[in-house]
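S.K.: Same order as they appear, the protein sequences are chains Y and W.
Residues are numbered in the working numbering as their position in the first sequence, beginning at 1, plus a constant of 1299.
Residues are numbered in the working numbering as their position in the second sequence, beginning at 1, plus a constant of 968.
Please keep in mind that the hints were generated in silico from the structure rather than gathered at the bench.
Treat the hints with caution; some may be incorrect.
Keeping only pairs whose Cα atoms sit at most 25 angstroms apart, straight-line, the calculated DMTMM-like set for lysine to aspartate or glutamate is [unchecked claim]: (1) W:1136 to Y:1575; (2) W:1109 to Y:1375; (3) W:1191 to Y:1359; (4) Y:1628 to W:1149; (5) Y:1549 to W:1130.
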Amino acid sequence: MDTTAPEQIPFLRDPAKLAILYQCLTVLGVGLLSYYLVHNTLANLERQSISTGFGFFGKEAAFEIGEKLISYSAADSYSRALFVGFLNTLIVSFIGIVLTIIFGTILGIARLSTNWLLAKLSAIYIEVFQDIPILLQLFFWYAFFYEMLPGPRQALNPISGLFLCNRGLIFGVPQSHVAYLYAFVALGVACLLIIFLRKWSAKRQAATGRIFPIVRVSFALFISFPLITWWLAGAPTAMNVPSLSGFNFKGGLSISPEFTALLLGLVLYTSAFVAEVVRAGIQSVGKGQKEAAMSIGLKPAHVLNLVILPQALRVIVPPLTSQMLNLTKNSSLAVAIGYPDFVSVAGTTINQTGQAIEGVALIMLVYLAFSLSTSAIMNWYNKKIAIVER
Amino acid sequence: MVQFERIVPAVVAALCLTAGVAVSGTLADVKTKGFVQAGVNGELFGFGKPDEKGVWKGLDVDAARAVAAAIFGDAEKVKYTPLTAKTRFTALQSGEIDVLTRNATQTLGRDTDLGLDFVQVNYYDGQGFLVPNKLGVKNAKALDGASVCVLPGTTTEQNVADYFRQNKLKMNPVVIENNAELAKAFFAGRCDCLTSDASQLAGIRAVAPNPADYSILPEIISKEPLAPAVRHGDNQWKDIVNYAVLAMIEAEELGITSKNIDEMMTSTNPVVQRFLGVTPGNGKALGLDEKWAYNIVKQVGNYSESFERNVGVSTPLMLKRGLNALWNQGGLMYSPPFK
Chain Y
1300 MDTTAPEQIP FLRDPAKLAI LYQCLTVLGV GLLSYYLVHN TLANLERQSI STGFGFFGKE
1360 AAFEIGEKLI SYSAADSYSR ALFVGFLNTL IVSFIGIVLT IIFGTILGIA RLSTNWLLAK
1420 LSAIYIEVFQ DIPILLQLFF WYAFFYEMLP GPRQALNPIS GLFLCNRGLI FGVPQSHVAY
1480 LYAFVALGVA CLLIIFLRKW SAKRQAATGR IFPIVRVSFA LFISFPLITW WLAGAPTAMN
1540 VPSLSGFNFK GGLSISPEFT ALLLGLVLYT SAFVAEVVRA GIQSVGKGQK EAAMSIGLKP
1600 AHVLNLVILP QALRVIVPPL TSQMLNLTKN SSLAVAIGYP DFVSVAGTTI NQTGQAIEGV
1660 ALIMLVYLAF SLSTSAIMNW YNKKIAIVER
Chain W
969 MVQFERIVPA VVAALCLTAG VAVSGTLADV KTKGFVQAGV NGELFGFGKP DEKGVWKGLD
1029 VDAARAVAAA IFGDAEKVKY TPLTAKTRFT ALQSGEIDVL TRNATQTLGR DTDLGLDFVQ
1089 VNYYDGQGFL VPNKLGVKNA KALDGASVCV LPGTTTEQNV ADYFRQNKLK MNPVVIENNA
1149 ELAKAFFAGR CDCLTSDASQ LAGIRAVAPN PADYSILPEI ISKEPLAPAV RHGDNQWKDI
1209 VNYAVLAMIE AEELGITSKN IDEMMTSTNP VVQRFLGVTP GNGKALGLDE KWAYNIVKQV
1269 GNYSESFERN VGVSTPLMLK RGLNALWNQG GLMYSPPFK
């Protein structure tokens, strides 16, 4: 029996130690390179007497923004102006993503439909919208709105309190009243109740096999809670109706043609890609699965919901995430059609302050933050629906 | 893609800054290269835009050609870089171009924070409003609540916001990056008025489906001295660009044109002799050939010739001299003596 200790491996021949050494060297190299770039940039800016830093944040922005979700005027600071732009990007991306998923899923399922006309129409739609650059589509929709619709003085008025013109879609909203706040709270309560009910019904079904009509009950709760609260709080019906005054409508809410064109362009374009993702997901589920489900007597809706979709989603979610990121990033094309998104506001800021490097860094940071948080949420969801391996 | 068009130059500029840029010695660099790299508008008729044959034309283009004529004795030795309002200063700072002749307004902030030096103004402009006649608006105070089409990346957005604030009026800006797209939206009635420098308004009106349907309101709400710019810190280069522009103004005042210049060479007027280099001195002082001013006027023309050729009343822009007339004719164009 050999009792001598195993021979010491020389450092340079030990792959484990070498790997650590190489990684240290790489980190050092990257660190030195970034130090060099940052230091050199600062030195050159200094030498050319260009001021640097984020000191401009607190200065008065002195420019107006066309659309804003929070109150803003030219007297506010650059940081608030940038925040307005940030929210504009956020809202268009969020609504865009929700609509894209709904519309894309419908399209994807339609393409697999046994109805020949439906399948072909869907296929044509997907091919056409996938192949036209998004920028052209945006220009088209924007031009469509401002060329086709009349001016505010000749606005279309299909139903009372709703106007459609080249300044956008303007409609009446209920006059603010405390009853709406209560109704909103009631809606939240209803949502919590529905979540609780779903869990309870799933547990009960697992234990006893009895099925609870969860969809119908949820729907009833969702509608009735806010409605009853609103009625109990006095049922206010006063409306804030828009009226033409001077150049434009005053009162009511308006959705601008820029926002609509951007949203429409993004949704129609990205939906075509999402449809293909959904189709691929559904086709990835073996035919035998469907046949087996049908043979044990499940209804078609149950076959889709309980057998096909849970398996298809595993294939759908990762590429769907990247489509959601694409939509968010493409929303920066807004500047081409006059929607004041983050890039547009940051662009104005860069130009007025001359802080190009800071401004571009900020744009990159914001889009990175958007992308990383979308990815994080989708990765969490993906993990949740992934195959649980035992 | 628009976003790349916007961001890439800035990033490239950032990288260029890291590479280190020679601040002094621009003249030597230009002579080695054999041409002047000029940043121009590229889209603005009358100031900097290639004509249908691809030949660059415009008041700003002429300023760049004057610089080339002064240095090389050949006004054609210019290469043009079309720049957007947003990328223009970065392109100059990073050394991508030698001189910026792109209807840029001289301001204190740009002179200091951006590390630039502006030279002699080659066009005195001011911001105004273009409105469709059918709106019935006679002055800018009547624009309360109006949708205003604005081209971004200039002092324009700030000026118009300031004006509406001062007069306690409300506005609703629609900011579109591309000149042509903005004009299209305006002509289709998306906005009640369009605001920009008056010279640009004239250019935009010239391409309207029916120019007579639009008018420029009387109010001029800002001062826009448009001047070529160079990097801060190279005084010799700044002098050359400055006096190249001034030479065109001085030539107009002395009555020298591209047509009569060869006769003027025999003039007995000592001022003219000094200007044209018959009596040497000016060229040496600038580090140029003594015939530098002769070459500018011979090849580019004097200021009046350049103005009338590019933006004057006989062009589609139909601009009058106004503030841009010589000082002794009621304008602001004034050159220091060439001696």
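S.K.: Each of the hints needs a verdict: does it hold here or not?
M.R.: The hints, checked one at a time:
Between residue 1136 of chain W and residue 1575 of chain Y the CA atoms are separated by roughly 53 angstroms; this puts the pair beyond 25 angstroms, and the hint is violated. With a C-alpha separation of about 23 angstroms, the suggested pair residue 1109 of chain W and residue 1375 of chain Y falls inside the 25 angstroms cut-off, and the hint holds. Between the alpha carbons of residue 1191 of chain W and residue 1359 of chain Y the distance comes to roughly 21 angstroms, so the proposed pair stays at or under 25 angstroms and holds. With a C-alpha separation of about 22 angstroms, the suggested pairing of residue 1628 of chain Y with residue 1149 of chain W holds against the 25 angstroms cut-off.
Under the criterion of a C-alpha separation no larger than 25 angstroms, the hint pairing residue 1549 of chain Y with residue 1130 of chain W is consistent with the structure, at around 23 angstroms.
Violation of the numbered hints given earlier is confined to hint 1; every other hint is satisfied by the structure.
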